[in-house]
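Protein chains in written order, with our numbering: chain A, 1 to 212; chain B, 1 to 632.
Since the hints were made in silico from the structure, they are not lab data.
The beta-carbon is built from N, C-alpha and C at its ideal position, and this holds for glycine as well.
Each hint should be verified, as a subset may be incorrect.
[Unchecked claim] A few chain B residues facing chain A, derived, Cβ under 10 Å:
no., residue
1, 484
2, 488
3, 549
4, 571
In case you want the letters, here they are:
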Amino acid sequence: MGSTFKLNRATHRYRPMNLSRLAALPLSAFALASIVACGSSDGDDPGVATVQLKNDFGNPQITGFQPPWTICKSAYQGGQFGKIEIGQTSAAVQVPAGVDYVLMVAAWNDPTCSPEKSLPISTKNVEEVVGGQTRTIAIGMTNHQGPCPPEGVPPIPLEQYNRILQLWPEYGFKAYAERAQNSQCAGSVTTDGGAEGGADSGVEAGDDAGDP
Amino acid sequence: MRNNALLPVIVVGLAVGRWGLAQEPVPTALPSPASSSSTSPASSSLAPIQVRVDGERKQRADRTADTVRVSGDRLRTSPKATLLEALAQDAPDMYVPSRGAGIHGVGSGATGGIHLRGLGGSPSSQVVVIEDGTPDYQGLFGHPIPDAYAPFLLDEAVIVRGGDSVLYGTNAMGGAILLRSRWRQQEGWELENDSAVGSYNTLRQSAAVLGKEGRFGLSGGVLALRTDGHRVGAGGSNLIGQFSVRTRLGAGWEVTLREKAMHLTGADPGPVTHPNDNHFFDVWRERASVQASWHSDAVSLRAQPFFNVGRHELYDGFRSVDTTSGAILESEMRLHPAARLLVGSAVDRADASAENRVTGERMPVRAQQTASWYDQLTVEPVKGLQLIGGTREVVSASYGFVFLYKGGFRWSLGNGWYVRGRASRNFRQPTLSELYLPFPTANPNLKPERSLGTDAGLGYSSRHLELSGAWYRNDVDNLIKYFGVWPAAEVVNIDHTTVVGLEAQVVARDLGPLTVRAGGSWQDVGRYTKQNPSARGVFGVELRHPMGGWTLRSALEGEWVHGLYMSNYSRDRMDDVLVLNLAVRARREQPDRDLVVEPYVALRNLLDSRYAYVKDYTMPGFNALAGLRLVL
């Protein structure tokens, strides 16, 4: 078989340990113990970010139809941001760093936010803030989704819908299975329900190398 | 595009406040047999051949770095479909995703991003590729092109883990991949032809010529690969040609000219759930460099200007022409039998033009250029102990001054045992895309990302057994991150992340006809979990067995990937990947005819697993590639 298996036993004979080995072994053990001990990653505290929400449904950079949503209620990462009219920005709120959807109740072409004109909407993607960051999250045509979208557009997922219902039960929105029966959905042929196609950044898309 | 891309070549002459350029460390782990170019075809014995380590390479060594060296021969015989995937088989802390059999692609849906110790990836601009001494990255997007690398003319590849921006400059945060093309060492000529056909109408053809006549050396070749791919839209073609000529002028001088050109085509097939229709890419790239070097007993000097240009076109109308250019001037001096000093200077410039072919819109991009000076002092105060320290000072008109440093040690304890450790401050400059392109936004005021990489390890090396293990930690600041979507998106320097990991490898070599390799890594990447797996294992069994006038060589390799997510914050988890590949080669040497005949077959995904590295970009089932290699 032509084996070349020849373990070199000469290298295994006894040799007196020299000083450098004596010194190095405890040093190595100490070094490894030290670095493993301090080797924790980010830690449990994600930090705090300062966030504002902007109602960006009137952004002039978007050509074509703009849904006239007034944001009546809004929440992100446990912080409440309140009512935000088109073109306005909320007060700054400190929230834990992390990722979450911006959850909202929005009224269609109704700055008074009457319940019959209102629907649950959220951002299309999760929004992220990191510790120490000051960020204004704009909610607009390209990054929102709602319960009664135009045909062929995926609706707001169940989880976000139910969270909105829990946050603001006073609006009396219907259960998820009947979301298209909410009065604003059923009562208007002009609503977009919160989700039309639009440019997406692709930042969260499934690409890997990603760039050309 | 501005046409003053040669400016760095001129500037380098003025920038010699200190000399300099970078360097390739001597391997510290997993040495492999040398490439066949080290010997003539007829004299290529079956026993492992010592890699030629010339004086130049010895002098540049940073032996405190955690490196893996893989021979070109081993990469050429790998059953993996691409060079970077084959390279990752020998480094468990290096992860390279794929989406098919041989084509990584560019743009949306591309794979091949290099992840090293939790950094890099999407795009892989936190890992730098140094090809024949010069950095290789796309000028506009700042990352290497995975399909640009092929092993057919490769002498060896070295993975420098843990980053080293002191020696390699920008992007060397997670590490550096050093690729060196091969030369013939003996007088005479060598022709090599490799033809293969495989599943999915895959055809691969490479031809190479290596020659040495007196003072002159030549190395050149062409690789053509085309495939239909395992699903509609996954096909493509790579055409890569390169040649190098060098001459020894006497008195220690040597001049080398290198040229490489490629044409890459293909498409993003899209997710299997929503396939794309002809989302094609078309890439032309060309790179050239001239290296003049001089060596004496105590001093070596190298000057190497380089130029890299590419044109990228995408289905959606995007077209760019980018250039990277620069020059490196480096000298190493032996100050004392136990002390060496490396000093260098480098200038580089990235420039591009980009337009939308559909609308005619041209995007405003400004060139970015830097100058840097670096030094590295190596001392051996006692036999077996090597200490290294180095600094790099980077000056840029766009982001100012950056100071980098490193320090490390390696202590040979005797009987093959060693301990090592290193810390290095590294950086990545913003790409032109991040600075200027509205995809979805840009910020011309971005600053470089910075990291502090530390690692320490213990190892053992003997003829038959190699063990190594390392702990590593990367602390990254000033991360460049995108937030939001167009038209309200923003890209800013913000956030800090820490990656902590462990890596270990074992190689039991030449146990009779067998060599067994195994390695594993675990890492905590914090919230940056997107395509950044928490654990990875690699293993392989190689058999080398003579049968009559033939030598049978086979390699069974496996990869296991665990903790793979499609999003940060541990969202969108993917199933674990477990894939086995097998390569079988029979080699017959006919010295009387000066001929080597080597038929082979690569069997990929032996278990016919259904798996994917990228969500909904499923990998091929069982597939095969069979070929014949001839060396004259």
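Consistency of the hints with the structure:
no.: 1; hint: 484; verdict: holds (6 Å)
no.: 2; hint: 488; verdict: holds (3 Å)
no.: 3; hint: 549; verdict: violated (13 Å)
no.: 4; hint: 571; verdict: holds (8 Å)
Of the numbered hints listed earlier, the single one contradicted by the structure is hint 3.
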